[in-house]
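Protein chains: 4
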Amino acid sequence: MSVSQSATLCPDETALASEPSRVYLQEYRKVRDVTEEICRPLATEDYVVQTMDDVSPPKWHLAHVTWFFEAFVLKPFAKGYKCFHPAYDHLFNSYYETHSTPYPRPARGLLSRPTVEDIYSYRHHVDSAMAHLLSSSRMLETGKDQSEILQRLRLGLHHEQQHQELLLMDIKHIFGMNPLAPVYRSDLAPAEYLDADPLDWFSYTDGLRTVGHDPASSAFAFDNENPQHREYVAPFWLASRPVSNREFMDFMDDGGYERPELWLSDGWNLVRQAGWKAPLYWEESDEGWYYRTLSGRQRVNPGAPVCHVSFYEADAYATWAGARLPTEAEWEVAAQSVPIGGNFQEKHRFQPAPEHTVADHPSQMFGDVWEWTGSAYRPYPGFKALPGSLGEYNGKFMSGQMVLRGGCCATPESHIRPTYRNFFPPHARWAFSGFRLAKED
Amino acid sequence: MSVSQSATLCPDETALASEPSRVYLQEYRKVRDVTEEICRPLATEDYVVQTMDDVSPPKWHLAHVTWFFEAFVLKPFAKGYKCFHPAYDHLFNSYYETHSTPYPRPARGLLSRPTVEDIYSYRHHVDSAMAHLLSSSRMLETGKDQSEILQRLRLGLHHEQQHQELLLMDIKHIFGMNPLAPVYRSDLAPAEYLDADPLDWFSYTDGLRTVGHDPASSAFAFDNENPQHREYVAPFWLASRPVSNREFMDFMDDGGYERPELWLSDGWNLVRQAGWKAPLYWEESDEGWYYRTLSGRQRVNPGAPVCHVSFYEADAYATWAGARLPTEAEWEVAAQSVPIGGNFQEKHRFQPAPEHTVADHPSQMFGDVWEWTGSAYRPYPGFKALPGSLGEYNGKFMSGQMVLRGGCCATPESHIRPTYRNFFPPHARWAFSGFRLAKED
Amino acid sequence: MSVSQSATLCPDETALASEPSRVYLQEYRKVRDVTEEICRPLATEDYVVQTMDDVSPPKWHLAHVTWFFEAFVLKPFAKGYKCFHPAYDHLFNSYYETHSTPYPRPARGLLSRPTVEDIYSYRHHVDSAMAHLLSSSRMLETGKDQSEILQRLRLGLHHEQQHQELLLMDIKHIFGMNPLAPVYRSDLAPAEYLDADPLDWFSYTDGLRTVGHDPASSAFAFDNENPQHREYVAPFWLASRPVSNREFMDFMDDGGYERPELWLSDGWNLVRQAGWKAPLYWEESDEGWYYRTLSGRQRVNPGAPVCHVSFYEADAYATWAGARLPTEAEWEVAAQSVPIGGNFQEKHRFQPAPEHTVADHPSQMFGDVWEWTGSAYRPYPGFKALPGSLGEYNGKFMSGQMVLRGGCCATPESHIRPTYRNFFPPHARWAFSGFRLAKED
Amino acid sequence: MSVSQSATLCPDETALASEPSRVYLQEYRKVRDVTEEICRPLATEDYVVQTMDDVSPPKWHLAHVTWFFEAFVLKPFAKGYKCFHPAYDHLFNSYYETHSTPYPRPARGLLSRPTVEDIYSYRHHVDSAMAHLLSSSRMLETGKDQSEILQRLRLGLHHEQQHQELLLMDIKHIFGMNPLAPVYRSDLAPAEYLDADPLDWFSYTDGLRTVGHDPASSAFAFDNENPQHREYVAPFWLASRPVSNREFMDFMDDGGYERPELWLSDGWNLVRQAGWKAPLYWEESDEGWYYRTLSGRQRVNPGAPVCHVSFYEADAYATWAGARLPTEAEWEVAAQSVPIGGNFQEKHRFQPAPEHTVADHPSQMFGDVWEWTGSAYRPYPGFKALPGSLGEYNGKFMSGQMVLRGGCCATPESHIRPTYRNFFPPHARWAFSGFRLAKED
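Protein chains in written order, with our numbering: chain A, 35 to 475; chain B, 35 to 475; chain C, 35 to 475; chain D, 35 to 475.
The set of hints was computed from the structure by calculation and includes no laboratory data.
Just so we're clear, the structure is a prediction, and the values are computed from it rather than from any experiment.
Certain hints may be false.
It does not matter which identical chain is meant; a pair holds if it fits inside one copy or across any two.
[To be verified] Below, simulated DSSO-like cross-link-like pairs (lysine-lysine); rule was C-alpha separation at most 30 Å, straight line:
| no. | residue 1 | residue 2 |
| --- | --- | --- |
| 1 | LYS113 | LYS473 |
| 2 | LYS113 | LYS64 |
| 3 | LYS311 | LYS418 |
| 4 | LYS473 | LYS418 |
| 5 | LYS116 | LYS381 |
| 6 | LYS311 | LYS64 |
| 7 | LYS109 | LYS311 |
| 8 | LYS64 | LYS109 |
| 9 | LYS473 | LYS116 |
| 10 | LYS113 | LYS381 |
| 11 | LYS473 | LYS178 |
| 12 | LYS473 | LYS64 |
| 13 | LYS311 | LYS178 |
| 14 | LYS381 | LYS64 |
| 15 | LYS178 | LYS109 |
| 16 | LYS311 | LYS116 |
| 17 | LYS178 | LYS64 |
| 18 | LYS113 | LYS178 |
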């Protein structure tokens with residue numbers, strides 16, 4: 035099995051200029067294939083269940099990303115396009131209230147039909163229609179809509195990449211809560227067991243910094259990364275690497291989960307109510323801590339970044355360590371000089387791993403774990419959502435959530451960039467979420 | 035497809051006397067086959083979901099009835115029996131707290147594994163072991179345990195028959211709440227659309243009546259049908275047939291669901307909170323009322339017994355009609371002179387149907403719909419539960435539930451008898467439950 | 035302070051025949067006074083709070099019983115009666131849906147207004163109007179309504195007596211859950227601390243027994259005690275006294291609250307979820323078990339009947355003891371030959387107490403604790419609710435509850451009779467509820 | 035009745051230097067008196083109830099602010115101080131987990147005891163002890179603790195002022211949800227009914243701005259206003275006044291509460307679930323919209339700032355109006371040049387009122403309504419919470435809440451300043467919360 039999309043979404047600029055639709059069709063096929071490759075190891079039963087409200091059944095993901103192209107590209111722009119099934123516009127609309135009535139999220143796991151096979155047929159139906167639309171002759175006919183079509187297509191591909199990561203998160207949860215401890219893939223790339231390099235700090239001077247997506251760039255960015263703007267950033271220090279499992283176990287051993295003074299109030303209430311004693315997926319045995327991974331139960335790797343912690347746990351750890359989380363501006367400033375690369379989806383490891391730190395910039399900024407920042411997810415000054423129903427993509431979630439940065443071991447490498455803003459509610463733990471410390475000068 | 039078990043569980047007495055284990059093995063195979071035939075039309079996905087806490091995924095039913103034989107026959111009595119999987123004793127224990135820790139009921143639908151295929155393997159593993167145990171040579175070795183083994187086997191077969199009905203109820207719910215309105219079987223026996231015969235009343239004089247299972251009979255009965263005892267029954271009238279859909283629509287048209295004076299207090303609270311306006315599975319369209327059946331959406335059949343109503347609705351209708359529900363003793367007294375027969379599982383209709391009434395006894399006492407009685411499910415005087423964990427089978431549910439009588443279109447005909455006590459909480463509607471009126475002299 | 039109503043509701047028959055309204059007015063005043071005497075020890079704050087949905091603030095009780103006379107006697111029958119406040123018909127209607135919209139029960143404790151003083155004014159307003167209506171001259175004018183008026187008045191007085199007991203139950207809960215352990219009355223009659231007499235059994239032969247209110251009697255009974263009817267009662271034994279605290283502690287010491295095999299399924303779920311380890315109001319200390327009483331915290335009295343247990347606990351104890359609870363028919367048969375008397379409200383003890391058993395009949399059948407029976411609260415054969423809104427008094431609660439018999443230390447002695455049917459849901463513990471064992475021949 | 039504290043908390047600097055404890059004692063008495071004056075119109079019953087989890091019974095407030103002085107000043111610093119009651123440290127601890135176990139917030143309204151009188155005794159006990167401690171002779175003895183004592187005293191006074199506002203909010207809720215529509219004070223200063231002046235905009239240039247409490251100032255500030263720091267603020271426009279009731283009714287008339295595209299996702303879910311159709315306390319009648327005020331039911335005043343709206347409603351309105359909410363930095367920059375003054379607690383109006391706008395700065399920045407900003411409540415860069423248990427005062431609430439600025443008609447004027455950061459969860463409506471629009475250049 036081989037998932038390779040390294041070039042995906044970074045198309046050849048020359049080809050793009052001359053034959054954009056051909057290039058896009060190539061990209062479309064690559065991304066769509068990767069999604070199906072991710073699902074290949076699943077049994078039919080694994081496609082169906084929803085283990086908590088946040089999780090969606092894998093077959094729902096497969097259909098929803100397809101619906102996205104149908105609803106926003108084919109229906110409005112492909113002349114004579116025939117819907118695969120009239121009910122799907124309801125069933126696979128996630129949350130676009132201005133488009134149609136979305137099927138209730140917590141009930142996604144109650145639907146045995148459409149079957150997995152039906153949904154693959156749906157995918158192929160839409161794939162054919164997309165190929166047809168993107169053929170040169172049809173593209174010409176679309177006239178002045180062509181640019182809008184290609185923009186929506188590009189959005190749809192980034193959307194599908196997001197759901198690739200969600201698929202891996204959700205599959206991990208579906209397998210991870212099962213008493214039989216099933217294995218998703220036994221051929222995943224193993225990580226070396228070793229301790230992390232000693233924690234070091236990088237210093238950043240103060241100044242007016244530019245944050246957000248460069249308007250001069252032709253690269254893709256979501257609406258929420260705009261507009262680019264200036265922020266004053268005071269001097270700060272950033273840790274050379276994320277907090278490791280070993281360090282987090284020190285926090286646990288020091289009573290971290292029992293000391294209210296370390297916690298935000300909402301976090302402390304949750305710790306007591308939910309009985310949290312360790313990150314999600316951790317299980318204690320006589321020989322110490324184990325965790326569930328997509329390759330099954332494994333000993334906790336001391337040097338790997340701690341993962342599957344909530345913002346509350348990240349914040350409590352930082353308080354315990356006499357530090358704090360970086361703001362998203364600080365993180366972005368630091369990331370601007372770090373080359374993109376690391377433990378991403380393409381590595382087929384699907385688990386954070388230890389990595390040796392380097393001298394000239396913070397390590398593991400990209401990949402491994404999404405890093406909780408101390409910034410609430412709010413609009414940038416002057417933010418404008420996309421027009422129409424696509425405006426519901428990001429903007430309406432700008433309350434009650436925190437920003438995470440940098441991508442993780444389930445994110446496609448081609449999907450990430452320094453300005454990328456991910457977001458989850460502060461209690462969420464099923465994402466591959468860790469954190470890195472910062473401190474004042 | 036053909037489900038035939040008419041002879042099941044009514045074995046040839048002579049053969050039984052000479053070679054009981056051979057006869058039982060035959061019965062075992064018949065019952066087990068029927069269960070699998072019921073599941074044959076399902077897609078793999080249909081086996082997995084749990085649409086409400088009361089519903090279990092079909093694959094869970096398949097495993098649980100198998101576990102019953104493993105836990106109560108093979109493990110204690112089959113020397114050298116090897117468990118199929120150590121975790122199954124937890125996963126497929128429904129509620130036998132003194133046996134092992136049952137897996138939480140509301141989480142049955144969160145388990146994608148074991149797969150459907152795994153569960154069929156489990157069935158075959160247990161079936162082989164059962165065949166081996168029931169072979170003449172092994173049976174001899176069991177010595178004085180033989181009688182206990184055969185009694186538990188018989189209980190296990192009746193248990194599996196109960197789950198055949200539960201499977202049909204749960205499949206109906208899984209399909210019935212799906213917006214795609216899937217069809218379980220399109221080849222089910224259709225019912226004629228016609229009006230019910232006019233309602234008539236049968237009169238019963240008072241007297242000391244014998245109720246419960248005859249201790250002189252060798253026929254099977256559950257512990258809760260014992261001991262047989264006497265009850266004084268005052269004179270009463272019993273309706274010649276169950277209340278029909280047409281009659282129930284009259285109740286609805288007369289504001290039945292909006293008039294608190296007709297309802298028990300708990301029922302009225304539920305009506306308002308849940309927004310009930312009709313029986314479960316009913317859907318109103320411009321052309322009138324439709325309902326979901328296992329063959330898909332159909333017009334409501336005016337002459338068929340109303341079905342999928344709660345005890346509260348049955349009671350409210352009776353109040354509206356100036357009548358009441360019969361007690362379980364009254365029902366049993368009337369049923370003693372009615373031959374068993376009717377619209378049962380073997381008819382492959384799986385939906386109540388109109389039937390012409392007869393002159394000499396109430397019609398449709400058996401089959402079509404379980405009939406809510408006015409009796410709370412409580413132990414008979416002198417009731418003793420079975421010894422050991424099997425004592426949890428029935429006795430511990432004797433609070434908060436009402437008795438239903440007579441079997442339904444999903445019950446195997448060989449499973450029913452006049453003394454049979456079914457029970458559900460007063461709010462339950464997903465069983466094939468209807469009712470029949472009674473009144474005072 | 036002195037609460038004396040021994041003669042209440044047992045009026046002089048001769049006086050009643052000649053001057054019924056005068057006699058009733060006397061009774062009215064006595065009952066109304068007792069209610070206010072019960073509230074006299076309260077601080078204003080104690081009148082206001084609602085410590086759980088089942089509890090009503092004392093001021094609400096004071097107003098509701100007054101509303102009962104206003105709504106069902108004064109408004110329909112007292113010419114020119116002026117309502118005290120138009121909103122009270124909403125605020126103090128408990129559950130009479132056909133009369134007006136009841137104010138939501140769980141929100142009774144959110145109302146700081148009307149004040150306690152307002153409510154006493156309301157009482158006096160209604161008391162004056164009742165006195166006026168019951169004056170000889172006005173009574174004459176009512177003509178053929180007179181009998182209905184007096185019947186409703188009598189119902190209203192029994193209703194107010196029920197609320198006297200509820201007041202004591204609710205005050206006990208309000209004080210009992212307060213960390214300051216406040217004392218309602220320090221002058222309550224103390225009970226001797228002693229062990230109960232050894233448990234003995236009384237034998238009853240079988241036969242057709244008459245159960246329910248004698249239609250030839252002029253004494254009051256609720257609709258739910260009617261109609262009198264025959265039941266066949268098999269031979270049984272009844273315990274000579276209720277189960278004592280000492281015996282219940284033996285059950286606790288034997289792991290009673292940790293053994294699922296002793297419990298009804300609903301009861302076991304509740305035990306685990308609520309963490310029950312002892313009856314309500316019990317608190318363990320280094321010196322053993324204490325309980326909250328209306329005189330404050332006291333050592334558990336070993337010989338007093340166990341109190342504040344649910345039906346589930348009563349049933350589990352009986353299972354543990356190899357016995358069962360009596361049916362309500364059995365209890366009534368036994369009670370028919372027992373003189374009424376015992377530890378009632380008039381004793382001003384408000385706590386069950388030990389009492390020596392007697393030779394010729396079961397002891398403590400009346401008073402001390404309401405005794406859970408094994409009978410679900412369902413209508414007697416031929417039951418008819420009162421006409422109109424008063425029909426909602428009892429009948430609509432005939433599902434989901436169990437019958438209790440015999441009255442308790444908070445019940446007025448004049449309020450009880452052998453046919454009296456009290457009822458609570460099986461989980462309720464805040465009533466003065468205990469139990470007595472029965473067994474088969 | 036007269037509440038006057040205009041000079042409070044702005045003590046004479048010279049007197050302060052020479053005799054600080056005398057000056058502070060004066061301030062202490064003023065603030066404590068105002069709190070009691072606020073409660074004077076209450077009936078005893080009004081002190082007791084808790085109408086939702088967010089609301090505390092007034093008697094709880096009276097005790098809690100007293101407990102604050104006892105726990106943080108008297109116990110650690112007043113030699114020989116005797117606690118009023120040992121249980122109060124549990125009952126009246128709001129949320130200081132490191133100090134003692136707080137009594138559960140949602141159960142505050144279940145406590146009828148201690149009585150209101152007990153709590154006033156508690157206040158007087160603590161007041162005497164505070165007067166004694168602050169006497170010159172005792173103060174000398176405290177030696178180097180003196181500064182800490184005075185700092186904590188000052189914090190306690192500001193704390194009590196916060197609870198004065200909470201008292202008015204909670205009293206409004208207690209009265210506002212009562213069907214009898216009780217009046218708190220009928221002598222409150224009435225507002226003129228008039229339309230707001232036309233909305234105008236003030237322009238602000240960009241630059242590096244200083245935000246937060248000036249470290250050179252001796253004036254009081256909470257820890258969360260620190261440290262003062264620089265932020266880059268882009269050019270923006272700020273509305274000349276808050277959004278008025280008239281304008282908000284235009285939003286309502288335009289379907290504001292029915293259009294998902296205007297709402298944040300969490301807000302829209304809440305609107306549907308809670309059935310919001312107008313601000314809290316609004317009631318529609320045939321003659322239009324009314325609202326509950328502390329003087330009873332009144333017609334909505336078109337020119338007054340809209341009040342009792344959640345952050346979600348404020349944000350939805352802003353979206354509808356093509357604008358946005360200001361950030362807290364923008365608000366503070368604008369407020370720096372606005373003199374403090376307006377419709378505060380001292381005006382005894384307790385309701386926002388119309389006010390004519392002025393030419394040279396935005397109007398009604400202070401008083402009338404707290405203004406929701408678009409900023410999540412997070413720590414300033416370099417924030418340090420107070421040491422010890424007092425560190426739980428503010429810092430632990432820095433997740434899930436939004437910042438509000440400027441004070442309201444229930445805030446003491448002496449309590450407010452441009453740097454003051456108030457915070458509530460985005461769904462909260464029972465504070466006197468309104469909002470003002472901002473927009474980009």
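Do the hints match the structure? See the list:
When the C-alpha separation of LYS113 and LYS473 is checked against a cutoff of 30 Å, the pair qualifies neither within a copy, at 57 Å, nor between copies, at 41 Å. Taking the closest pair of Cα atoms, LYS113 and LYS64 come within 30 Å of each other only inside a single copy of the chain (25 Å); across copies the shortest separation is 57 Å, beyond that limit. For a Cα distance limit of 30 Å, the shortest separation of LYS311 from LYS418 across copies, 27 Å, qualifies, whereas the shortest one inside one copy, 41 Å, does not. In the homo-oligomer, the alpha carbons of LYS473 and LYS418 lie at most 30 Å apart only across protomers (12 Å), although the nearest pairing inside one protomer, at 32 Å, exceeds that limit.
Taking the shortest alpha-carbon separations for LYS116 and LYS381, neither the intra-copy value of 39 Å nor the inter-copy value of 41 Å comes in at or below 30 Å. With identical chains, the CA atoms of LYS311 and LYS64 are never at most 30 Å apart, being 41 Å at best within one copy and 48 Å at best between copies. For the identical chains of this complex, LYS109 and LYS311 are neighbours neither inside a copy (49 Å) nor across copies (35 Å), given an alpha-carbon limit of 30 Å. In this assembly of identical chains, LYS64 and LYS109 lie within 30 Å of each other by CA distance solely inside one copy; the values are 23 Å within and 53 Å between copies.
In the homo-oligomer, the alpha carbons of LYS473 and LYS116 never lie at most 30 Å apart, since the shortest distance is 57 Å inside one protomer and 44 Å across protomers. Proximity of LYS113 and LYS381 under a CA criterion of 30 Å is satisfied in neither setting, with 40 Å inside one chain copy and 50 Å between copies. Taking CA atoms no more than 30 Å apart as the test, LYS473 paired with LYS178 passes in neither setting, with 51 Å inside one copy and 32 Å between copies. For the homomeric pair LYS473 and LYS64, neither the shortest alpha-carbon distance inside one copy (42 Å) nor that between copies (42 Å) is at most 30 Å.
For the homomeric pair LYS311 and LYS178, neither the shortest alpha-carbon distance inside one copy (57 Å) nor that between copies (42 Å) is at most 30 Å. In this homomeric assembly, LYS381 and LYS64 come within 30 Å of each other (Cα to Cα) only inside a single copy, at 16 Å, whereas the closest approach across copies is 53 Å. Taking the shortest alpha-carbon separations for LYS178 and LYS109, only the intra-copy value of 17 Å comes in at or below 30 Å, while the best inter-copy value is 74 Å. Within a single copy, LYS311 and LYS116 get their C-alpha atoms no closer than 52 Å, and across copies no closer than 37 Å, so neither meets the 30 Å cut-off.
Taking the closest pair of Cα atoms, LYS178 and LYS64 come within 30 Å of each other only inside a single copy of the chain (26 Å); across copies the shortest separation is 69 Å, beyond that limit. Only within a single protomer do LYS113 and LYS178 lie at most 30 Å apart by alpha-carbon distance; the minimum there is 15 Å, versus 79 Å between protomers.
The structure fails to meet hints 1, 5, 6, 7, 9, 10, 11, 12, 13 and 16 from the earlier list, while all remaining hints are met.
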